[in-house]
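*Asks:* Going line by line, the protein sequences match chains A and B.
For the first sequence, position 497 matches number 497 in the numbering used here, and the numbering has no gaps at all.
For the second sequence, position 15 matches number 15 in the numbering used here, and the numbering has no gaps at all.
Quick caveat, the hints were computed from the structure, so don't treat them as lab data.
A couple of the hints might just be wrong.
[Said to hold, decoys possible] Below, computed lysine-lysine pairings styled on DSBU-like, alpha-carbon distance capped at 30 Å: (1) 232/A x 40/B; (2) 572/A x 39/B; (3) 39/B x 388/A.
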Amino acid sequence: MFGWHGKILRVDLSHEKTSVESIDPQVAKDYIGGRGWAIRYLYDEVDATIDPFSPENKLIFAAGPLTATPAPTGNRYMVVTKSPLTGAVSDSNSGGFFPTELKRTGFDMIIFEGRASRPVYLWVKNKQAEIRSAEHLWGKLVPETEDTLLAETEARARVACIGPAGENLVKFASIMNDKHRAAGRSGVGAVMGSKNLKAVVVRGENPPQIAQPEEMNAYCNAMFKRVGDVYKAGASMRKFGTSYVPPITNEMGILPTRNFQTGTFDGIDGIQPEVLMNNYLVRPKPCYRCPISCGRLTKVDDGKYKGEGEGPEYETIAALGSGCGIDSMAAITIANYHCNELGLDTISMGMTLACSMEMAEKGFLSEDEVGMPLRFGDADVVIDLIQKTAYRQGFGDRLAEGSYRLATYYGHPEFSITAKKQEFPGYDPRGAKGMGLLYATSNKGASHMAGDVAYAEAFGVPEKIDPLTIERKPYLVKTFEDAFAVIDAAGLCVFLSVRNMFEDNVDLWPVPLTKTINMATGAGYDEASLMEAGERIFNLERLFLVKAGFTSADDTLPKRMLEEPLPDGGGKGNVVELDHMLPEFYRLRGWDANGIPTTEKLEALGIDQV
Amino acid sequence: MKITLKLLATYRKYLPPGIPGDNIDLEVEANTRASEVLKKYGVPADGTTVILINGRTPPAGEILQEGDVLCAFPIGTGG
Chain A
1 MFGWHGKILR
11 VDLSHEKTSV
21 ESIDPQVAKD
31 YIGGRGWAIR
41 YLYDEVDATI
51 DPFSPENKLI
61 FAAGPLTATP
71 APTGNRYMVV
81 TKSPLTGAVS
91 DSNSGGFFPT
101 ELKRTGFDMI
111 IFEGRASRPV
121 YLWVKNKQAE
131 IRSAEHLWGK
141 LVPETEDTLL
151 AETEARARVA
161 CIGPAGENLV
171 KFASIMNDKH
181 RAAGRSGVGA
191 VMGSKNLKAV
201 VVRGENPPQI
211 AQPEEMNAYC
221 NAMFKRVGDV
231 YKAGASMRKF
241 GTSYVPPITN
251 EMGILPTRNF
261 QTGTFDGIDG
271 IQPEVLMNNY
281 LVRPKPCYRC
291 PISCGRLTKV
301 DDGKYKGEGE
311 GPEYETIAAL
321 GSGCGIDSMA
331 AITIANYHCN
341 ELGLDTISMG
351 MTLACSMEMA
361 EKGFLSEDEV
371 GMPLRFGDAD
381 VVIDLIQKTA
391 YRQGFGDRLA
401 EGSYRLATYY
411 GHPEFSITAK
421 KQEFPGYDPR
431 GAKGMGLLYA
441 TSNKGASHMA
451 GDVAYAEAFG
461 VPEKIDPLTI
471 ERKPYLVKTF
481 EDAFAVIDAA
491 GLCVFLSVRN
501 MFEDNVDLWP
511 VPLTKTINMA
521 TGAGYDEASL
531 MEAGERIFNL
541 ERLFLVKAGF
551 TSADDTLPKR
561 MLEEPLPDGG
571 GKGNVVELDH
581 MLPEFYRLRG
591 WDANGIPTTE
601 KLEALGIDQV
Chain B
1 MKITLKLLAT
11 YRKYLPPGIP
21 GDNIDLEVEA
31 NTRASEVLKK
41 YGVPADGTTV
51 ILINGRTPPA
61 GEILQEGDVL
71 CAFPIGTGG
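Between the sequences and the hints, there should be enough to build the whole structure, so can you do that?
*Replies:* Following this line, the structure appears as structure tokens:
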């Protein structure tokens, strides 16, 4: 095969055995790779009704056909499993260098199953895999775990691991790779912890064979240079990373503030991109073969706040910053470092803290219960509670369950700003209504990575769409969801792809992407078949949710989003008119009124029903 | 009439030198269009600019009103 190795490594943790199998070439093409291959295997092999922490759950690491190829940003992998936070499917994405090295081992995908009887890690060098004891690593933070593993394997290897949060089954624990990059969302790190799997270490010298190597090199090098020139000339993402976003979302009135009570933050001056750039930025740090370079190496030495690491990204600034009413970039950056070291998703951590702060301020959560006063804007308490969450100490044990379970436990689920129990990312959907429909219909719960229509609603990519209207939004959301499924399956980063791998309008017709994938794989996709594969992936994920017991009643948003108008800012007076968008979305998807894919739709997509 | 011009992200460079924040107050004539103000400050008008008035997406050719906040920033892919 070209682009793909066609090889899957299966790791039976219960018996500490590994085996290698080949993928059916038709399945490989129909599901592209990455997120697509992984859901095909998860759907076929895992009973959707199981407890996510049971040995019967599987944890899948999957690279795509463009990972480790000359394609710009061919550096992504996906982690797919049944999520302990949502009970739905997770497909958590990460870049850096680990995914490329994973692919170079000669495997496209690793399936972990069962549960080890002791802490272990997996060491894969080229096509050889070995399960080793990780008893000496259990309890260690992410940086120390990685350093230790590189010392006992190879200095040039790459590591993905969990921190204490994953070990302690925090429901939004992340899997960290290259120390600072996160497969952040939906608690994939907790599933890894439940399997007693501390880390995966990879080293490889087997890049995939390319069907048209010379053509692909020439085409991708030209794209790399063209995109790189745009960013070097001073595009925001190179200059500021994603930290340029808060003033924009604040201006639109959609910057989550104090648990989404409003969308404009009175402390915006403290979280301006210039604050990060002028005080804490060491240098930009790109992932493998990226012409954008949005990553930030940072260092804080500011009174009581001291540390070094990467970030914060926009989402972290929104969740741990404005979401919690914190306007100190130094404090946000330090809180980000702690989350990375402990292996916590910064979005769910920040928004769960924000939820508890609102409940405390409104008298639904006592100081005795929390063990300390809890108020918006108290950065020291946030940093303390991040630690307590990872170790499930005191009130941290409640926070570790995520905001939905926390707020429900104290009798007020309405304060949890979640969809399918996953915390919203950094866009208040009352002022960006496509995002509302996206959060409600995403297979992984609220997530911008499910199909970030804020690109169009807020940032003008591929074209500017009015965020406050609902017209065209069902079509926009469906198109973005399918396109993001293709990008995730291919092994690319969405930042580069949406602007450069599709034509420049909201139809997202994947002309450059089709060319690139065909040069890598020789599989002969056309644009329609590629987008259809994205739709196939989305629908198979949906079938997993249906089997897990989700219904159309779960395609919803918190009451605040549906009934309480934004109090000020650009979106003032607006709610999300979900009832007016959802039926049209179902119709465009070919689903029935209950949100279940029809037999005709499944047949048209060639999805085998089980 | 008075309006506020706010230029975000890399567009801060189009503000006059020495401006500490991201915005300035301006005196403009009645019936001034957003595009005319942006042109005066050298903000690109080639489809690579997002324009907001009072945080909202204006129709093309919108005429400014007293007290408006006119905001512009370059297109991008968010966070």
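*Asks:* Each of the hints needs a verdict: does it hold here or not?
*Replies:* Outcome of the hint check:
Annotation: proposed proximity of residue 232/A to residue 40/B holds, straight-line Cα distance about 26 Å (limit 30 Å). For the proposed pair residue 572/A and residue 39/B, the alpha carbon gap of about 29 Å is at most 30 Å, so the pair holds. Restraint check for residue 39/B and residue 388/A: the C-alpha separation of about 53 Å exceeds 30 Å, so the hint is violated.
Figure legend: structure checked against the earlier numbered hints; the only hint not met is number 3.
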